Amino acid sequence: ETGVTQTPRHLVMGMTNKKSLKCEQHLGHNAMYWYKQSAKKPLELMFVYNFKEQTENNSVPSRFSPECPNSSHLFLHLHTLQPEDSALYLCASSQELAISHSPLHFGNGTRLTVT
Amino acid sequence: AQSVTQPDIHITVSEGASLELRCNYSYGATPYLFWYVQSPGQGLQLLLKYFSGDTLVQGIKGFEAEFKRSQSSFNLRKPSVHWSDAAEYFCAVGTQGAQKLVFGQGTRLTINP
Chain A
1 ETGVTQTPRH LVMGMTNKKS LKCEQHLGHN AMYWYKQSAK KPLELMFVYN
51 FKEQTENNSV PSRFSPECPN SSHLFLHLHT LQPEDSALYL CASSQELAIS
101 HSPLHFGNGT RLTVT
Chain B
116 AQSVTQPDIH ITVSEGASLE LRCNYSYGAT PYLFWYVQSP GQGLQLLLKY
166 FSGDTLVQGI KGFEAEFKRS QSSFNLRKPS VHWSDAAEYF CAVGTQGAQK
216 LVFGQGTRLT INP
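Chains as they are written, first to last, in our numbering: chain A, 1 to 115; chain B, 116 to 228.
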């Protein structure tokens with residue numbers, strides 16, 4: 001049991017579709033993150049939220065829109081994506097923002113394919 | 116800015132053999148170092164971490180890692196691998212008070228029976 005649950009596990013969408021990824025953490029953590037994992041590339045941090053407030057947007061294109069309604073839930077809204085956006089999208093959480101004191105806990109990811 | 120290099124993209128070892136996965140980092144001050152493992156279809160799971168103190172750290176699943184400042188390395192070791200250790204392994208570095216980790220590209224481990 002990971003403590004961080006992501007849905008759906010797999011998603012196939014066309015370039016004109018709008019879809020959303022959902023993440024829920026049951027660990028009582030205050031910080032949540034979206035990462036993108038592409039083949040043959042290191043994990044890329046996309047967004048960071050702390051107590052529902054966005055603290056980092058790592059130059060992510062506007063076709064990715066995050067939403068954090070509370071400290072337990074994180075969404076990633078997707079629209080007009082490109083085929084190169086196909087990847088595994090990982091959600092993570094940590095007790096506090098300074099991860100030197102609070103390691104990341106990851107969900108199992110959503111495998112996204114853009115056709 | 117800090118960076119992480121995992122020189123080996125893919126390693127194959129026989130079950131029961133010893134394992135060492137290499138990780139080199141670049142950072143001017145004392146880093147915070149992590150090893151994560153990702154099994155197929157899963158997210159990343161923390162194996163171990165180094166913040167300070169004893170440079171040899173023990174983790175879960177029988178893994179250990181040694182911080183060597185002189186070599187800027189944090190290699191992961193296991194004396195005897197099991198078939199269930201087949202996975203991808205990621206080294207990551209953070210800094211004190213940092214809000215994010217920098218990950219290496221990962222090393223895929225295959226276990227031969």
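Treat the hints with care, since some could be wrong.
Pairs of lysine-lysine, DSS-like flavour, derived with a Cα cap of 25 Å [as the list claims (entries may be wrong)]:
(1) B:K215 x A:K41
(2) B:K164 x A:K36
(3) A:K40 x B:K215
(4) B:K183 x A:K36
(5) B:K164 x A:K22
(6) B:K164 x A:K41
(7) A:K52 x B:K176
(8) B:K215 x B:K183
(9) B:K164 x A:K40
(10) B:K215 x B:K164
(11) A:K40 x A:K52
Hints are computed from structural coordinates only; laboratory data are not their basis.
Note that the coordinates shown come from a computational prediction; the quantities given were computed from them, not determined experimentally.
Against the structure, the hints:
1. For a cut-off of 25 Å, the pair hint linking B:K215 to A:K41 stands: about 17 Å separates their Cα positions.
2. For the hint linking B:K164 to A:K36, the alpha-carbon distance of about 22 Å falls within 25 Å, and the restraint holds.
3. Of the pairs offered as hints, the one joining A:K40 and B:K215 holds, with about 20 Å between alpha carbons and a cut-off of 25 Å not exceeded.
4. For the proposed pair B:K183 and A:K36, the alpha carbon gap of about 30 Å is over 25 Å, so the pair is violated.
5. Restraint check: the Cα-Cα separation between B:K164 and A:K22 comes to about 28 Å, which exceeds 25 Å; the hinted pair is violated.
6. Taking the CA atoms of B:K164 and A:K41, the gap is near 22 Å; set against the 25 Å cutoff, the hint holds.
7. For the given pair, A:K52 sits about 34 Å from B:K176 by alpha-carbon distance, which is inconsistent with the 25 Å threshold.
8. Simply put, B:K215 and B:K183 have alpha-carbon atoms about 22 Å apart, close enough for the 25 Å limit, and the pair holds.
9. Taken as a hint, the B:K164 and A:K40 pair is honoured in the structure, with Cα atoms around 24 Å apart against an allowance of 25 Å.
10. For the suggested pair B:K215 and B:K164, the alpha carbons sit about 15 Å apart, so the restraint of at most 25 Å is met.
11. Proposed proximity of A:K40 and A:K52 is contradicted: the alpha carbons are some 32 Å apart, above 25 Å.
Consistency with the previously given hints fails for numbers 4, 5, 7 and 11, ordered from lowest to highest.
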